[in-house]
Amino acid sequence: MTSAARPLRRQMPIGTLVLGGLVVLAFVVAMIRYLGGLGAASNLNDNYAWGVWISVDLLCGVALAAGAFTTATAVYIIGQERFRPILRPAILTGFLGYLMVIFALLVDLGHPERIWYLIIFWNPHSVMFEVGWCVMLYTAVLALEFSPMVFERFGLRQPLRLITRATLVLVIAGTVLSTLHQSSLGSLYLIIPDQLDVLWHTSLLPLFFFLSAVAAGPSMVILESSISSRVFKRGLEVDLLGSLAKAIPFVLALYLALKIADLGIAGEFDNVFDGSRNSALFLAEMVGGVILPMVLFALPAIRRNGMTLLLAASLVVGGLIFNRINVGILGFSRPAEAASYVPSWMEFSVTFGIVSAGLIAFGLVARFLPLFTHAEKAGEEGTAQ
Amino acid sequence: MAILFDAFKCTGCRGCQVACKQWNDLEAEITRNTGSYQNPPRLSAKTWLTMRFREIERNGDGLTWAFGRWACMHCAHPACVSACPVKALYKTPEGPVLWDKDRCIGCRYCMIACPFEIPTFEWEKGLFEGARIRKCTFCVDRVGAGLDPACVHTCTTGALRFGDRDELIAQAEARIQSQPERYVQHVYGKEETGGTSLLYISHVPFKELGLPTLGTTPIQERAEDAMFATPWAVIGLVTGLSGVAWLVRRRQEMMRRKGQSSEQGDKETSS
Amino acid sequence: MTNDWVDVKNSDCVLVIGANPAENHPASIAWINTARDEQGAKLIVVDPRFTRTAATSDLYCSLRSGTDIVFLGGLINYTLQNRLYNEEYVKYYTNALTLIHPDFKGPVDLDGLFSGYDHETRSYDTTSWQYQTEEQPVTVVKRATSLDDPNCVFAHLKKHYARYTPEVVERICGTPKDKFLQVAELFCATGVPDKTGTIFYAMGQTQHTVGTQNVRSMAMLQLLLGNIGLPGGGVNALRGESNVQGSTDMALLYHDLPGYLGCPTDKHGNLEAYSAKFATTSYWANGPAFFISLMKAWFGDAATKDNDYAYHYVPKVSGDYSWISLFEALYQGTIKGLVCMGQNPAVSGPNARMERKALGNLDWLVVMDLFETETASFWKAPGIAPADIQTEVFLLPAVDAIEKAGSIVTSGRRMQWRPKVAESPGEAMEDIWTLDRLVKALKDVYAGSTEAKDRPILDLVWDYGDPPDVELVAREINGYALEDVKDASGEVLVNKGEAIPGFSTIAKAADPSTTACGNWLYSGYFAPADDGSGVTMPAVKRRGQKDPGEMGFYPYWGFTWPANRRVLYNRASARPDGTPWAENKKVIWWDEEAGKWTGYDVPDFSATKPPDAEADPAGAGLDAHSGTDPFIMKPDGKGWLFAPSGLNDGPFPEHYEPLESPIQNPLSSVQNNPVITVYDTATDEEIGDRVGSADKFPIICTTYRVCEQWQTGSMSRTLPWLAEVQPDMFVEIGKELAEQKGIENGDEVIVTSARGEIRAVALVTPRWRPMNVNGGKVHQIGMVWHFGWQGLATGDIANDLTPHVGDANTRIPEYKAFLVDVRKA
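Which chain is which? The protein sequence lines are A, B and C, in order. Residue numbers for the first sequence follow numbering that gives the first Met the number 0, beginning at 0 and rising by one. Residue numbers for the second sequence follow numbering that gives the first Met the number 0, beginning at 0 and rising by one. Residue numbers for the third sequence follow numbering that gives the first Met the number 0, beginning at 0 and rising by one.
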């Protein structure tokens, strides 16, 4: 079986220029940040120490890269072979996602050159410590899961064989690590019961973060497939994606049920409808990001159509981003004294720039590496058919 | 050791604030009067102590002008220490919560975690200067030399007292019990979030002074519970996932064997 | 202060009226809190505004700015009506029983005036205010035998104050009646022997056209309650600068000589005439001796018996040269030059726009200060074209207090020596160096002159060394013996060249001109004394911590004038029979065996005069006082409930409205203090002595200080850490008024008065409330006056709004009550 890359046509050279421009802009802003401090490149302040770069780049970046572990779990652990064709793109999305998170951290951290200190200085009490380690390890796992594409391309048979053998271990490790840190990103916020609005703060935060990631993973796969099918002029595997989407409404239903139960037990149900700004945000998030897509994905008609799949998936993804922004920024209450936080254009430019870099990288991989070919089934390499 | 702050005795003169700046050689900030004496309006990397000004009106003639101290509480179970991924923040046995500026990676999780909104960040420092968090050090250098913290030393009204925590708690309780019509009957910091080294007594509700209402459990216990569950989660997940994967493969193997045998059977029967 | 800062800890009730100690004297709260913690004392704050002192008080009571006489009068009336006064104290120690001239009439009968008023000259003929006397054969004051006598001071007092009822207090002061009664109950309870109350006051009392009478009211209340001369009592002024007490003691004011001797006027043609002004039947009988000693200090050998001890060298006061008059003269252009030492009139002067304009009329101006103040830079103020100013301005940099050695005096009369602890920057020089150079240069300029008018400069004794040694100055102020000082019997009191131990040496000296003393009141401060642990040093340098009696007197710490006495008039701390009023209020008492007064403080009394001593009407000085006359500086030895002399506007305080007031005086038809000078320069010009009325300026305004800034701000607005905590000029406005005007907290507003207009940040606060005054609603606002255009924290000058009018006696400007209007910018 040969794994020649299919010929590709660049569809939007202008688009690439725009993306490239955004990357350059992000680079420039990053330089401003390094020379002038975080205050020079953002509107972060002592009231709002974490802003767009954490709420969006980190939280969303990690959650939206969940497609990698959910798809890998589906294929390798649950044995759903039919999803194999979309596995590699999912892994690439995940891998690039995590690289983007690391770039974002390199901009956001006060001492980015000390990012590796987590390796030598340990505080097992800290959720951040766990997050950091899991992200480090999982990125390594993703790199290894990505490596077959490289090895194939360059005909490195021996490493390819080794990696293929280790696949199950890697996938199990990846799933474990992902479960841990997807949820612990939520645990980060456990420590602020009085600063985060009751509508979002709960002991179940880790579970909610995990569940939303599990729902967002496949949604991202749908999203990524829809976009790359357009860009690279490939067919959209609608039934595959429709099949993948079957699980989503169950996850969202579970999320919704738990949310209702949690608020009810804590006696905070009244807050949902009290007409305040936070209740409006919460309702928008739940209706648009949970209830609506849950209903949509439950309908077979939706799942059979590429456009509607994309719409529903976008709702989930948008809802997740909205949720992370609510938890990280909007749902926060800090003293009325001094600054509020409105992200500056520079913060957005870094976010968009990093995403653009990811998109460009995706495009490069699609062009130069066997992204859209099937991976060799484990244990079957060398078997001629 | 601890500091006792008596909000009734405080007259909001800001001697403590300026003394802190002077002792720690902190720059002054550019401020504006936006309708209050409170300046700088909040803590920052250059302001480790600021006083909150609160005009409180109650029914009838109950007008109070209360002044709340805002600076690190040096908790017994600090949320910031628990949150810091590299253990840059640490609690000393004597009381002060300090930080190692050579370890801080500037992730700012401590700023999020602290219920009192204490750690602040050097937003204007670039890569080469190193941007780190900053906060009150309990004047650990003065205390180590047998002196009292700069803020306590400057206070003329007796609103600030420094000494052994248990003694100060006893003093505080005696004082509030001797004047129940004046003082709120509670020593804030005795048990809040597991106890803090900054103790408050007050003639107005503590909320009015800007102090959050907290339970007695250390705040980070929820997060730490999640952390302690981690190893179990790992074991459980690994076991579970491996188990599922093994089951699935066995089933696939069995199905393949069945298919092969039937093929074979077909081949045998057809040949 | 009659008492002292530390002494407050002995008090049972601290009444703060017209002051804000938590703000401006923060260290004093330590002692107030000691009194509260250790003996359950209460802190009462009476202030138009809820201040930071009110925030820590036990009772806060509001009143309209400028109505203190009514409030205090209400307290006096309450004390009289409820018989809360210390009757024995009042009978023996005050002039309550003294009979007044039969022609005396007060505002009750004369609708706001006292007898003897001349409408033309706007002054009083005080003949009808005098005591009744009889010749026996020496003139003695006539006294009644009972407080019920209808002609005695006490009767007049009751009659005068009967009008100041709680209802009147509510009507005029705007103070709710029940609040006023709470204050009265709490404070007037200190009339009993074992309780003392103290009154803290500051500019809120003095900076009014009736300022002196405000202080009189406090003194009278304290006399009635028997709180003068006792620990934790007294009438206590919180001085506003670290050495303003020193400046008034050393007579930097035009009308005085060091030690409050009083400057000779053009009515005192010679030394004899001048000496005759001193009362012969009080300790002031020694005044002439002190004057002679002063002249010897100043002019040395040039002051001899033959030339009246150089009496003619001393300039004679021939008019009102107080601040406002000075600036009126500057405005007219009659003054050519001004030396301004550590003073910033461009910011601190009333009607500051006019005063800044007046500065432009000078030929030359010398400013000695640490920073380039607004005065030193008045010629380049915002809006001024430097080309229009013809004044030559010299700025001589001065050094900070800690960069030079010397002594300062606290409000409690305690003198403390401070060494130099820091080096001064650049070319900054100590004041003593600058003044020394100035005098030496003057001497050079006039050297060889034969004109009589130049002799004072040439004969001035000036040998403090080069560079001048402040300790030589101190020695002179303390006083030293020019020759062996002998008393009347020929015994040598002090050897030639030695420091004199106290002013009693000068008093006892047969020939006071054998002594040279720069300030009799300070005498003893630089003489060698024991610090309580056996070490000897100049008294003012001592830091001894022993405190016998534990009253907080600390007699070995520094030196308190006079003669190291902590509590003035402490004879009154003992009953007429010489035993203490109460065990916990002991200061001095009569020791029968030893035949002298003893105790924890230096007796403010003849040491060996027994309590039952009879007065000798023919005697000189204190011999004319009996054993129950504690007020030794008064001719009759009594505390004056009624003041026959010394005040221009009445022997009793009477309420008059501030010059600018929104209402008619409800008490009488005399609207303002009838003897104040109301200037009318340039009233039709944009900058001038304009007076505002309530139709255009309906809001009462007052000015005050905050803890974080200092006076005109030259030393504080230049410090980053202080500019940080109090960065902007602001005005505090009540919520109702702000809502009415559409002003929100933090808005920029414009405040206008008849004299000017300024911008400020509005602080909308519930701490200002509208008042119901005389049936109508009245609003008050207040502002700080620390700001100017120099320094890091800048802002408009509050005093651009204040009026060019002063108190009837002291001429201190009425900064505390004037009319303004405010609008959103």
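Hints were generated in silico from the structure; no laboratory data involved. A hint or two may mislead.
[What the hints assert, rightly or not] In silico lysine to aspartate or glutamate, EDC-like type, Cα no more than 16 Å apart, as pairs:
(1) C/LYS304 x C/ASP510
(2) C/LYS823 x C/GLU756
(3) C/LYS90 x C/ASP102
(4) C/LYS157 x C/GLU86
(5) C/LYS507 x C/ASP483
(6) C/LYS41 x B/GLU180
(7) C/LYS442 x C/ASP462
(8) C/LYS157 x C/GLU133
(9) C/LYS740 x C/ASP820
(10) B/LYS206 x A/ASP193
(11) B/LYS45 x B/GLU121
(12) B/LYS124 x A/ASP196
(13) C/LYS104 x C/GLU86
(14) C/LYS141 x C/ASP510
(15) B/LYS100 x A/ASP193
(16) C/LYS734 x B/GLU54
(17) B/LYS100 x B/GLU116
(18) C/LYS734 x B/GLU56
[As the list claims (entries may be wrong)] Listed next, the stretches of chain B that the computed footprint assigns to chain C, with coverage defined by at least 3 CB atoms under 8 Å from CB atoms of chain C:
(19) 4 to 11
(20) 14 to 20
(21) 25 to 36
(22) 62 to 70
(23) 225 to 236
Beta carbons: idealized from backbone N, C-alpha and C, even for Gly.
Consistency of the hints with the structure:
1. C/LYS304 x C/ASP510: 10 Å, holds
2. C/LYS823 x C/GLU756: Within the cut-off at roughly 13 Å; holds.
3. C/LYS90 x C/ASP102: 23 Å, violated
4. C/LYS157 x C/GLU86: 14 Å, holds
5. C/LYS507 x C/ASP483: Given that 16 Å is the threshold and the Cα spacing comes to 13 Å, the pair holds.
6. C/LYS41 x B/GLU180: 14 Å, holds
7. C/LYS442 x C/ASP462: Satisfied, since the Cα-Cα distance of roughly 12 Å is no more than 16 Å.
8. C/LYS157 x C/GLU133: 25 Å, violated
9. C/LYS740 x C/ASP820: Roughly 10 Å between the alpha carbons, so the hint for C/LYS740 and C/ASP820 holds.
10. B/LYS206 x A/ASP193: Within the cut-off at roughly 13 Å; holds.
11. B/LYS45 x B/GLU121: 8 Å, holds
12. B/LYS124 x A/ASP196: Violated. B/LYS124 to A/ASP196 sits at ~32 Å, over the 16 Å cutoff.
13. C/LYS104 x C/GLU86: With a Cα-Cα distance of about 25 Å, the restraint between C/LYS104 and C/GLU86 is violated, given a limit of 16 Å.
14. C/LYS141 x C/ASP510: The hint is violated at about 35 Å.
15. B/LYS100 x A/ASP193: 28 Å, violated
16. C/LYS734 x B/GLU54: The hint holds at about 12 Å.
17. B/LYS100 x B/GLU116: Distance ~19 Å between B/LYS100 and B/GLU116 Cα, so the pair is violated.
18. C/LYS734 x B/GLU56: Given pair C/LYS734, B/GLU56 holds - Cα atoms ~12 Å apart, limit 16 Å.
19. 4 to 11: holds (count 5)
20. 14 to 20: holds (count 4)
21. 25 to 36: It holds, with 11 qualifying residues against the three required.
22. 62 to 70: Holds, because 5 residues of the region 62 to 70 of chain B bring their Cβ atoms closer than 8 Å to Cβ atoms of chain C.
23. 225 to 236: Violated, because only 0 residues of the region 225 to 236 of chain B bring their Cβ atoms closer than 8 Å to Cβ atoms of chain C.
This entry does not satisfy hints 3, 8, 12, 13, 14, 15, 17, 23, going by the numbered hints stated previously.
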